[in-house]
Amino acid sequence: MHPALSVIVFTTLSGAGYGLLGWLGVYAAAGLLPPDRPFAIAAMLLALGAVTAGLLSSTLHLGHPERAWRALSQWRSSWLSREGVASLVTYLPALAFGAAWILDDGTGAPARISGVLATLCAVLTVVCTAYIYRSLKPVPRWCNAWVVPNYLALAAMTGALLLALLADGFAQPLPATHVLAAAAIVIALMGKLGYWRFIDSARLASTPESATGLGGLGAVRLFEAPHTSDNYLMKEMGFRIARKHARKLRILAVVLGFVLPFVLIATAGIAGGVIAAAASLLAVASALIGILTERWLFFAEAQHTVTLYYGRRLGMEN
Amino acid sequence: MTSLPQQRGDKRLGLVIDLDVCVGCHACAVNCKEWNAGGVAAPLTDLDPYGKDPHGVWFNRVHTFEAGTGASGRTVHFPRSCLHCEEPACVTVCPTGASYKRAEDGIVLVNEDLCIGCKLCSWACPYGAREYDDDAGVMKKCTLCIDRIYNENLRAEERVPACVATCPTSARSFGDLGDPQSAVSTLVRERGGYDLMPEMEYRPTNKYLPPRPRRDAADAGAAASAAPPLEPVSGAGGLLGFIDRLLSD
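Each protein sequence line maps, in turn, to chains A and B.
Read left to right, the first sequence gives residues 1 to 318 (the working numbering).
Read left to right, the second sequence gives residues 1001 to 1249 (the working numbering).
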């Protein structure tokens, strides 16, 4: 599948934003949020800023962005529509939570209740995003049980890193942010490695033989394509990445997205002070580059059944 | 409404494509383009048509495959267009209600005034039936020539999709696949018509008829040797006798 930059930026940024919002809600529910106004403002701006920037980025790939509001109408059948509704609904508890935290304090009942609601909505929105891909049968590398846990774990991980950065940056006594981020990194990495292992070994039901129904005659090969230059289908669905490049990019994603942030966040947890703030800032920067690479691969490695009509077999790359 | 219609009529309009007869002339694709460039889905934009990288929207594409090897191998021309599925995920994934399946005849259509051009429906179609129009910013697809088949301004025999009307070998048939007595349903029954990628469970309405089995080489040899031998020529003189002696050596 064509890795569209707007969608890669959208899923990465909004995932991090919803992750941060989700953790803030959890800390609020536990009564652990510090009643520090600049910290509260910065945290809410960062969470909602990332979410909003992501959502706006997602409209850039539309043919008619001015009609985007129509996408809220078909939540009964469409995961994309559900995602749109969920993302807007999330603003209500999120803004209420931000107001309660900034104006009142983070430990009162309004902040606790709206915080929990914001966390639930954030999780729901990420699940809807993941299900857009999870539900597409023609793309077997998306239509599997790994995709939703992957999206959730990566959102939780990037959110936890942002939370650690905020706590270190504002020198707030927020407990266990480094441990949380480190644990989230380990879980997310295991999920991603499991996903890659799965897509590399999965047996795929659709073949050129089943696509044409000519398997009874023997193996089916494309003799002549219907057109000489790439059409929309091949540009959008026929994107192909060489296996050796995929391997290198996977290593890059693992190192920048998981290993380096883990080392840096552990350093931050041990060092404290200015070093901690610098280390967690580097951890966030490295993780975002790594996860953008991971998300690019998520698209680039996904193969669509329409390519079977253009002489390809699924599960094979050169 | 992109939920599938709950109340369905019995009508399932669709195409039956005979892979035994198709000669791969692309006339169906060209006539489709010609009709629909002026029909409800118009224009079917072509970009850079005379340049280095021409591309544009077509509803019908003719592939050619080789199936099998050696004496049993076949070259099969394979027209590919929207199959108007019974379980069209292209419809249910649509966030705006632009994609819909008609309750009365099962035709899958796009309302271009509602389409936001998110392309998700094209991702959801295993068959590549939907093509995005870069110029109009909306998704386009085969309409089963809805502006021909119900068009009372056309003569009755012309009320078939453009691809069917033009096919010089009658490889394409149009009809009601929901009616077991219809000509297309009979054709499917008699010739073993099948679904493409049944494992996807989209339940296509359109059916493909397989190439007929080849009369094999042994049968062909037996037919040749069963022909009666020629009568021997005897006693001819002159030129014919000379030729006879020449050929007999």
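In short, the hints are calculated from the structure, not lab data.
This one's a predicted model, so the numbers in the text were calculated from it and none came from an experiment.
Among the clues, some could well be false.
Taking lysine-lysine and the DSBU-like style, the derived pairs with C-alpha atoms no more than 30 Å apart in a straight line are [what the hints assert, rightly or not]:
| hint | chain 1 | residue 1 | chain 2 | residue 2 |
| --- | --- | --- | --- | --- |
| 1 | A | Lys235 | B | Lys1011 |
| 2 | B | Lys1052 | B | Lys1119 |
| 3 | B | Lys1052 | B | Lys1033 |
| 4 | A | Lys235 | B | Lys1033 |
| 5 | A | Lys137 | B | Lys1119 |
| 6 | A | Lys235 | A | Lys137 |
| 7 | B | Lys1011 | A | Lys137 |
| 8 | B | Lys1033 | B | Lys1119 |
| 9 | A | Lys137 | A | Lys244 |
| 10 | A | Lys235 | A | Lys248 |
| 11 | A | Lys235 | B | Lys1119 |
| 12 | B | Lys1011 | B | Lys1119 |
| 13 | A | Lys137 | A | Lys248 |
| 14 | B | Lys1033 | B | Lys1011 |
Just a few of them, taken from the derived set where beta-carbon distance is under 8 Å, the chain B residues facing chain A [stated by the list, open to error]:
| hint | residue |
| --- | --- |
| 15 | Val1062 |
| 16 | Thr1092 |
| 17 | Phe1242 |
Pair by pair, the computed Cβ-Cβ distance ranges are [as the list claims (entries may be wrong)]:
| hint | chain 1 | residue 1 | chain 2 | residue 2 | range |
| --- | --- | --- | --- | --- | --- |
| 18 | B | Asn1153 | A | His245 | 55 to 63 Å |
| 19 | B | Glu1104 | A | Ala30 | 18 to 26 Å |
| 20 | B | Gln1006 | A | Arg240 | 35 to 43 Å |
| 21 | B | Asp1135 | A | Phe198 | 38 to 46 Å |
| 22 | B | Gly1192 | A | Ala219 | 15 to 23 Å |
| 23 | B | Asp1046 | A | Gly218 | 33 to 41 Å |
Ideal Cβ placement from N, Cα and C applies to all residues, glycine included.
Structure-based check of each hint:
1. Restraint check for A:Lys235 and B:Lys1011: not satisfied, since their Cα atoms lie roughly 36 Å apart, outside the 30 Å limit.
2. Of the pairs offered as hints, the one joining B:Lys1052 and B:Lys1119 holds, with about 25 Å between alpha carbons and a cut-off of 30 Å not exceeded.
3. Among the hinted pairs, B:Lys1052 with B:Lys1033 is consistent with the structure: their alpha-carbon atoms are about 21 Å apart, no more than 30 Å.
4. Taking the CA atoms of A:Lys235 and B:Lys1033, the gap is about 20 Å. The hint holds against a cut of 30 Å.
5. Between the alpha carbons of A:Lys137 and B:Lys1119 the distance comes to roughly 15 Å, so the proposed pair stays at or under 30 Å and holds.
6. Taking the CA atoms of A:Lys235 and A:Lys137, the gap is near 20 Å; set against the 30 Å cutoff, the hint holds.
7. At roughly 27 Å between alpha-carbon atoms, B:Lys1011 and A:Lys137 fall within 30 Å of each other, so this suggested pair holds.
8. Among the hinted pairs, B:Lys1033 with B:Lys1119 is consistent with the structure: their alpha-carbon atoms are about 21 Å apart, no more than 30 Å.
9. Taking the CA atoms of A:Lys137 and A:Lys244, the gap is about 26 Å. The hint holds against a cut of 30 Å.
10. For the given pair, A:Lys235 sits about 23 Å from A:Lys248 by alpha-carbon distance, which is consistent with the 30 Å threshold.
11. For the hint linking A:Lys235 to B:Lys1119, the alpha-carbon distance of about 12 Å falls within 30 Å, and the restraint holds.
12. The straight-line distance between the Cα atoms of B:Lys1011 and B:Lys1119 is roughly 29 Å, inside the 30 Å bound, and the hint therefore holds.
13. Using a Cα cut-off of 30 Å, the hinted pair A:Lys137 and A:Lys248 holds, with the two alpha carbons roughly 28 Å apart.
14. For the proposed pair B:Lys1033 and B:Lys1011, the alpha carbon gap of about 26 Å is at most 30 Å, so the pair holds.
15. Satisfaction of the interface hint for B:Val1062 is found here, the shortest Cβ-Cβ separation to chain A being roughly 5 Å, below the 8 Å cut-off.
16. Look at B:Thr1092: its Cβ gets to within about 4 Å of chain A, closer than 8 Å, so that hint holds up.
17. With a cut of 8 Å, the hint placing B:Phe1242 at the interface with chain A is violated, because the nearest CB-to-CB distance is about 52 Å.
18. Separated by about 56 Å at the C-beta atoms, B:Asn1153 and A:His245 satisfy the suggested range of 55 to 63 Å.
19. In this structure the hint that B:Glu1104 and A:Ala30 lie 18 to 26 Å apart at CB is violated, the actual value being about 57 Å.
20. With their beta carbons about 41 Å apart, B:Gln1006 and A:Arg240 fall inside the hinted range of 35 to 43 Å.
21. For the hinted restraint 38 to 46 Å between B:Asp1135 and A:Phe198, the CB-CB distance of approximately 40 Å keeps it satisfied.
22. Between B:Gly1192 and A:Ala219 the Cβ separation comes to about 21 Å, which falls inside the hinted range of 15 to 23 Å.
23. One distance hint, 33 to 41 Å for the beta-carbon pair B:Asp1046 and A:Gly218, holds here, with the actual separation near 37 Å.
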